[in-house]
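Asks: Protein chains in written order, with the numbering used here: chain A, 1 to 504; chain B, 1 to 180.
Mixed in with the good hints, there may be bad ones.
Unchecked claim - When the alpha-carbon atoms are kept at most 16 Å apart in a straight line, the in silico EDC-like pairs for lysine to aspartate or glutamate are as follows:
{"hint": "1", "chain 1": "A", "residue 1": "LYS428", "chain 2": "A", "residue 2": "GLU291"}
{"hint": "2", "chain 1": "A", "residue 1": "LYS429", "chain 2": "B", "residue 2": "GLU93"}
{"hint": "3", "chain 1": "A", "residue 1": "LYS428", "chain 2": "B", "residue 2": "GLU93"}
{"hint": "4", "chain 1": "A", "residue 1": "LYS353", "chain 2": "A", "residue 2": "ASP56"}
Unchecked claim - According to the in silico footprint, chain B covers these stretches of chain A (three or more CB under 8 Å from chain B):
{"hint": "5", "segment": "43-56"}
{"hint": "6", "segment": "158-170"}
{"hint": "7", "segment": "179-193"}
{"hint": "8", "segment": "380-391"}
{"hint": "9", "segment": "408-416"}
{"hint": "10", "segment": "445-455"}
None of these hints come from the bench; they were simulated from the model. It should be emphasised that the depicted structure is a prediction, and the values quoted were computed from it without experimental measurement. C-beta atoms are modelled at their ideal positions from N, C-alpha and C, and glycine is treated no differently.
What follows is each chain in one-letter form.
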Amino acid sequence: MEAFGLLLHGFAVLLTWKTLVLMMFGLVLGIFVGVLPGLGGPNGVAILLPLTFTMDPTSAIVMLSCIYWGALFGGAITSILFNIPGEAWSVATTFDGYPMAQQGRAAEALTAAFTSSFIGSLVAVLLITFLAPMISSFALKFGPPEFFAVYLLTFCSFVGLGREAKHKTVISMSLGLLLAGVGMDTVSGNLRMTFGSAELLRGINFLVAVIGLFGISEILLTMEERLALRGHAASISLRVVLSVWKDLPKYWVTLLRSSFIGCWLGITPGGAIAASFMGYNLAKRFAKDPESFGKGRIEGVFAPETAAHASGTSALLPMLALGIPGSGTAAILLGGLMVWGLNPGPLLFVEHKDFVWGLIASMYLGNVVGLVLVLTTVPIFASILRVPFAAVAPMIVVSCAIGAFAIQNAMFDIWLMLGFGVVGYVFKKIGIPLAPFTLALVLGNRAEDAFRLSMIGVGGNLKVFWSNGLVGSITTLAIVLLFWPVIDRLLRCVGWPRQAKPAV
Amino acid sequence: MSQTDLEIIVDDPTAPEDGSPSVVSSGTIEIFVCLLLLALAATLGYDNWRTGASWDSTGPEPGYFPFYLSVILGGGSLYGLIAAFVAHRAASESFVTRAQARRVMAVFVPTLLFCLVMQFLGLYVASFLLIAGFMRLVGKIALWKSLLTAFLFTAIMFVTFDIAFDVIMPKGPLEAAFGY
Chain A
1 MEAFGLLLHG FAVLLTWKTL VLMMFGLVLG IFVGVLPGLG GPNGVAILLP
51 LTFTMDPTSA IVMLSCIYWG ALFGGAITSI LFNIPGEAWS VATTFDGYPM
101 AQQGRAAEAL TAAFTSSFIG SLVAVLLITF LAPMISSFAL KFGPPEFFAV
151 YLLTFCSFVG LGREAKHKTV ISMSLGLLLA GVGMDTVSGN LRMTFGSAEL
201 LRGINFLVAV IGLFGISEIL LTMEERLALR GHAASISLRV VLSVWKDLPK
251 YWVTLLRSSF IGCWLGITPG GAIAASFMGY NLAKRFAKDP ESFGKGRIEG
301 VFAPETAAHA SGTSALLPML ALGIPGSGTA AILLGGLMVW GLNPGPLLFV
351 EHKDFVWGLI ASMYLGNVVG LVLVLTTVPI FASILRVPFA AVAPMIVVSC
401 AIGAFAIQNA MFDIWLMLGF GVVGYVFKKI GIPLAPFTLA LVLGNRAEDA
451 FRLSMIGVGG NLKVFWSNGL VGSITTLAIV LLFWPVIDRL LRCVGWPRQA
501 KPAV
Chain B
1 MSQTDLEIIV DDPTAPEDGS PSVVSSGTIE IFVCLLLLAL AATLGYDNWR
51 TGASWDSTGP EPGYFPFYLS VILGGGSLYG LIAAFVAHRA ASESFVTRAQ
101 ARRVMAVFVP TLLFCLVMQF LGLYVASFLL IAGFMRLVGK IALWKSLLTA
151 FLFTAIMFVT FDIAFDVIMP KGPLEAAFGY
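When you get a sec, could you build the whole thing from the sequences and use the hints?
Replies: Below is the structure:
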């Protein structure tokens, strides 16, 4: 009940004209970002972050999180109408969404996608509302070893549970952690890995890296491909919306199962991509006629969209409660918190109640407003795709440059952004994942500080990470997850049932 | 709810032709990247070892944590190098075709020039030149449309960042002439 009272307080913080206008502004920008080729949620949030530097933190986070919700909604438009997944998690939506559009059921598919996005997000927001305060009050008991163990768990689960080649995830993560250490050592004041460069004294700002990795590289990749579109007719009428909503109870198992999968994979850093495929695969597996999937079945839209959005939203839970982001976008929002002088983690719930509960309230309101907005404006947003890419691409480049420069007012960051753009392009093409790199760059300093503080008290004895039941369990779990592929293989050798693999 | 029908057809006249020859294989790039990462790991590892990668009376030295990360990066890169060599013999998937490389360069070179020009003429003039030039030369869009779009976009950016949100961008002689 305490959470309910605090949530009402959050709505009171939120319901001002200024915040509501910013919310609408964020949602519209977010849908633009989701629809435009070459831009995505993490990149859109990173580029627009400088706009919020002069705002109060609550208004800023509301606007940024609404850009995020908008981008999540916008991605479905291109997936269903044009068979172009704006984000990797929208790939599974195209399996049945696009065939539905080909059959003249685009409006039905879009309504299903937006509605299931809303349901997935709503379940995740409910989870955040009731679980985040509990986790954060529990985490108040954490010391440096416990925090390092949680960071370790995050890193190990990326390596062990990720779908990419393990050594590539290790390369990506260790590179991110190393680059996070460039500059002045926060403990001793010594300079590390600067090689005499005054520019590197400031360190490498992760937002600059993100803008390059996700923005510039995406432009290069998008440009490389054929940019021809052929869209299907969409006419969302109230009758179609009501008919889809009327049938929703029939799919309650799919919606609930996908929400659960999404929340689970969002909190653990499995990610929205894995969630959407798993949601889709399980819906297909438990269907009476699985062969009808891929031919325009509405459940094939409900399942991945619900799971992806539950995952994207619940990734904010560990960010708020522990200061550990569950996704790339959550990592950027966490960077925003630090820019605004807030310290993410359990103390946030104690020291900045207005901020936290304002944000949670904005998740509810942002999703409701976002749903109404996309349902009423699909043709307008989809028509953005009529703008030639030759006009869109340089505008995105300029936006990226503005975003990168504004973070530290440094020209060097523009060059750094360009360099990361090339790195991102090459890494994406050879299959080195970028999400672990971003996460490591964000968490690197915090993880190192926790490690060093843990080690100082015990003279460098690694046993500190097994010094009590709590830290021991987390560390052991981290090691189990790190070696999960080997353990899984061993379990299968002794007759353990084979785990479901995503279809793609 | 909207009743507007939507049908969008966009063709791409500059699309890369099918069957363009490969410039370089993915395997070769993987080997090159692993070698670069290995060199980076060695350089950073040496720097951290020089800074201090062991223990003193106050605890771990500044290079302790990054030194071991350099070792992990080096190990991962070495493994990647061996794996790429082994896989290279089996398959040689194209990293980029000649037509794709041309298109990528059509974005990358103007972006590079934009960053360079920005240092002398400021962000807004460089943005105007990039957008107008790119639309006209790469997109083959009418000159007046290119100039108008570039001007409007740059003006909106200036008003949004420099005036409304007070985020100061790099300026050049043109802005100085107007008192900014």
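Asks: Give a verdict on every hint.
Replies: Going down the list of hints, with the structure as the test:
1. A:LYS428 <-> A:GLU291: violated (33 Å)
2. A:LYS429 <-> B:GLU93: holds (11 Å)
3. A:LYS428 <-> B:GLU93: Holds. LYS428 of chain A to GLU93 of chain B sits at ~14 Å (cutoff 16 Å).
4. A:LYS353 <-> A:ASP56: Holds, because 14 Å separates the two Cα atoms, which is no more than 16 Å.
5. 43-56: With 4 residues close enough to chain B, the hint holds.
6. 158-170: holds (count 4)
7. 179-193: holds (count 8)
8. 380-391: holds (count 9)
9. 408-416: holds (count 4)
10. 445-455: Result for this restraint: holds, n = 4.
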